[in-house]
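Participant: Residue strings, one per chain:
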Amino acid sequence: MSDATATVGRPLAARPIAWRLATVVDVVPETPWARTLVFDVPGWPGHRAGQHVDVRLTAEDGYQAQRSYSIASAPEEARIALTVERLEDGEVSPYLTGELRVGDRLELRGPIGGYFVWEAAPGAPLLLVGGGSGIVPLMAMVRHRAAALATASVAARHGMPARLLYSARGWDEVIYRDELARLSDGDPTLEVALTLTRESPQAWTGFRRRIDRMMLAEVAWPPPERPLIYVCGPTPLVESVASALVELGHDPSRVKTERFGPTGERA
Amino acid sequence: MNDRTNASEERAAGAERVADALRLDGNAAAGLLSEIFVPDVTAARATCAHCGVDRPVGALLLYAHGMGVVVRCPSCDGVVLRATRTSARVWLDLTGATRIGIPIAAPPA
Amino acid sequence: MSEPFISRGFRGRRRTEAGAGPLPPGQYATRDFPVLSAGPTQHTSLAEWDFTIGGAGGRTARWTWDEFQSLPRETITTDIHCVTKWSKLGTVWEGVSVDTLLAEAAGHGIEPLPYVLALCDGGYTTNLPLADVTGGKAWVALRYEGAPLAPEHGGPARLLVPHLYFWKSAKWVRQLRVMEHDEAGFWESLGYHNYGDPWREQRYAGDE
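Chains as they are written, first to last, in the numbering used here: chain A, 1 to 267; chain B, 1001 to 1109; chain C, 2001 to 2208.
Honestly, the hints are just simulated from the structure, not real lab data. Incorrect hints may have been included.
When the alpha-carbon atoms are kept at most 25 Å apart in a straight line, the in silico DMTMM-like pairs for lysine to aspartate or glutamate are as follows [claimed, not checked]: (1) C:2088 - A:107; (2) C:2088 - A:26; (3) C:2085 - A:107; (4) C:2085 - B:1035.
Between beta-carbon pairs, the in silico distance windows are [what the hints assert, rightly or not]: (5) A:210 - C:2026: 40 to 50 Å; (6) C:2047 - A:202: 52 to 62 Å; (7) B:1087 - A:158: 51 to 61 Å; (8) B:1078 - A:210: 25 to 35 Å; (9) A:188 - C:2033: 35 to 45 Å; (10) B:1101 - A:247: 25 to 35 Å; (11) A:210 - C:2045: 41 to 51 Å.
Covered by chain B, per the in silico footprint, the following chain A stretches (three or more residues, Cβ under 8 Å) [as the list claims (entries may be wrong)]: (12) 79–88; (13) 166–172.
Built from N, CA and C at the ideal position, the CB exists for glycine as well.
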């Protein structure tokens, strides 16, 4: 009879990550600037919500560019999806949001990352704070939570409540807008708050400014609830939100960050 | 002297904003490190050799340099880890970390 | 997968290749000037800044910012080549020739030695043969494109050694130390070529 709790000799979590050729099977427009690419990836080992892939593109003259993109799809889904936002002076995003079409293939490797990941488990509220394309890995977490709780009891849902605070420049730039509304309408334990920083519709009753300490104090659980917190988006947003959360009294070890750099396109 | 100092301070504040915006975190090193380590290292804890603070690698600051990855301690800015990928090898300098602790996989459900 | 897969329709950033002009092998020309850094941007105030030439026996020659301003300057128009394959043509700098600094340092008893190590705010280092920073090949640059060198591009002063890959043109340089023995700098100690001649495509240790 083996001892199920023995730790001696157990291998470390392991799988070398190889470049694979993925085929685009679907392209879904999200906003005028962003679209979701759905891939069929032979031999895909599965992933955890929050992880990313590296994408490598090679031009005919051999020139290469490589970027990282967060996986938007839940681990429960059959295919992996990436949501890419087009950056004006970008090199890779215009190709992925413009030229690439169903049937095309590209090289990617993954899943990558073990720090900025969340697995549905009871015991702690979940706070997700994102700006711009930082919503992508957070959406994987929201989708994973929805899938994990699909057949769960009301009590189970309440054991793992979630709140998302999402900053976008305008109503048209809110990625997954309809899906977020549908998910939160159908689940009282998921709350979604949007803040529109540059322009908002006339009847808008939500926040209209950059995420600040006051907004976080309003939206976040009080520190004694010890939420697990994930913050993702452009570096300045991530750093100011993370500082504000710590100032509000949240345990820094429960605040995980993923910086996307100045514009959000990850190098 | 005042004008020059003020101008240089303004430039410094502007530069700090540029640098701040460019900064990433250990997550961005995960792809390159996956060529050296089989388990994910961003979830590993690293103890900074300069100031002794212990943090997950994913929580360290990464400066995006096209020549390689330089991961620094948020407390003291000391280099904890550096890595490059040249034509023949992936190089890793871990002298900035006194130790690394990689999590053991959870048992299968 | 040994050969990368060509992505249909991918062109990448606008670029001209080697062969279309005076570019070293494997380089592409760009109009950008990307900020690449191994650490936080340094911001030493001009009041604290000084520049030193260091020699054997701890001898030093030192200039404050004001003293440095009174040294003769040159304008340099040159191409620069980054090991990440980007070249920028016709960049214009203004700086003090390293020859000038070494000549003054000789007056302080600092004798030339075959190797040089550049030391910078923030801890970056790079090494070069003395022969590659003398004879009009290297400067401590203070201005770029007609303006004071911005901190994110190495200001207030950076080394400029355009005949080698640009990682040798160390940002935030504070000291050049002449040495008997060569000592690998930040990137040289992590797989990059010790010398770095773009025309012989010496990117990595072991190349050519």
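Participant: Return the numbers of the hints above that this structure violates; sort them in rising order.
Facilitator: 1, 2, 9, 11, 12 and 13
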